[in-house]
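**Student:** If you want the building blocks of each chain, they are given just below.
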Amino acid sequence: MTCQMKSRKRAELLVGYCAQTLPEAQAAEFESHLKSCEECKRLVAAQRASWKTLDDWTPAEIAPEFNARLYARIEAEQAESWWRRLLIHVTHPLTPLSFYWKPGVSLAAACAVLAVGLMVHIPNLGNPTAEVHVNKVDIEQAEKTLEDLDMLTPPPAPGSPM
Amino acid sequence: MDPAQPSPKSGVDKDMEAVAAIRGPHLVGPIERDAELMLRVREGDQRGFAILLERHRGPVVHFLYRMVQNQAVSEELAQEVFLRVYRSRGTYEPTAKFTTWLFRIATHLALNWIRDGKKEKNQESLSEQLLDGVERQVPDRQPTVEQALVREARMREIRRAIEALPAKQRAAVLMHKYQELEYSQIAKILSCSESAVKSLLFRAYETLRDRLAHMA
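Heads up: the sequence lines are chains A and B, in that order.
Following the working numbering, the numbering of the first sequence begins with 814 at its first residue and continues without gaps.
Following the working numbering, the numbering of the second sequence begins with -10 at its first residue and continues without gaps.
A hint or two may mislead.
Claimed, not checked - Straight-line Cα separation of at most 25 Å, SDA-like style, residue types lysine to any residue; simulated pairs:
1. A:K854 to B:G47
2. A:K865 to B:A39
3. B:K177 to B:H45
Said to hold, decoys possible - Chain B stretches covered by chain A per the calculated footprint, using a threshold of three residues with CB under 8 Å from any CB of chain A:
4. 47 to 60
5. 68 to 80
6. 190 to 198
Quick caveat, the hints were computed from the structure, so don't treat them as lab data.
Using N, Cα and C, we set each Cβ at its ideal position, and we do this for glycine too.
Using the sequences plus the hints, can you model the full thing?
**Tutor:** So, in structure tokens, the structure goes:
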């Protein structure tokens, strides 16, 4: 004869009953049900048998050096974290140490660029006459060049816009 | 349990409230002792961590072994569990049972390991070679060859039956059967409802009943 209990409720009672975690009243009620339900009686037997089988599965002993290995890892992590903290302190943009460090690098770079620029072109401040002379020569040369260009350029055709 | 104390309240939160409020040497029971120890670890008491390790190392390793079915991996994962507990000591708050937190970390690591498929195909043969701890047993309890073979065949069946369960069902069964955790605890560990835990468990137990029936 099929059990009239809903399968979900039956499953819950079955597991709770076998695990001995049901409240006393519920356990008594289920026990009373078992007296007249062969299907549930069979299920209880099967559940208990499977749990007894599972009890046979005993795990191996833990390695004796387990704790020592763990503490060694903790120590190594703490030592590494000291280095990591220092590195972060130096490289992170928001830490006090980098506040002085990064502008310093920028300043050094700017100085290097300036030095290179000065090496390439050093202004001659001691001889203003030479500078004027150069300017004059440049102007005369420019005027001559323009005259030459005028000679090379053909005159506009009569009637065309200038 | 101290008889002078009021009858135990249901639910973990009220126990944890008691610990958080008291935070003194007065100990009510083993659950509170775990949280009390962890609070002391938070304050820098290394001895508290050592006690917690001794108390929970076995259950954690054994749970992980049954989940991943590889002794070396289970010990490695267990180390990671306790490492994470230690790392979190500075911010620990007893908002749940210590074992709930512990097994949540362990389950998370085990499920990740299973998901990542790091299980070697020859894992089963390795476990068989270890004969489920026979190598580490005390010498004067060494079984006969025949007994060892019979036992190994049984263990193989059980391992396969558990291994065949979906990962979450497996975790639920192992926590319920071997660690005797409550539905509410398992629900918190698996981040699901109690109803979902019951579904997982009942389905798993039904499968196991069928699969292990011939071994009774």
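**Student:** In terms of beta carbon proximity below 8 Å, does the segment 190 to 198 of chain B have 3 or more residues touching chain A?
**Tutor:** holds (count 6)
**Student:** Report holds or violated for chain A covering the segment 47 to 60 of chain B, Cβ cut-off 8 Å, minimum 3 residues.
**Tutor:** holds (count 6)
**Student:** Are K177 (chain B) and H45 (chain B) close enough, with their CA atoms no more than 25 Å apart?
**Tutor:** Holds. K177 (chain B) to H45 (chain B) sits at ~19 Å (cutoff 25 Å).
**Student:** Verify the proposed pairing of K865 (chain A) with A39 (chain B), using a straight-line Cα cut of 25 Å.
**Tutor:** violated (33 Å)
**Student:** Can the restraint linking K854 (chain A) and G47 (chain B) be considered satisfied, given a maximum Cα separation of 25 Å?
**Tutor:** Violated, at about 35 Å.
**Student:** Report holds or violated for chain A covering the segment 68 to 80 of chain B, Cβ cut-off 8 Å, minimum 3 residues.
**Tutor:** holds (count 5)
In summary, the numbered hints that this structure violates are 1 and 2.
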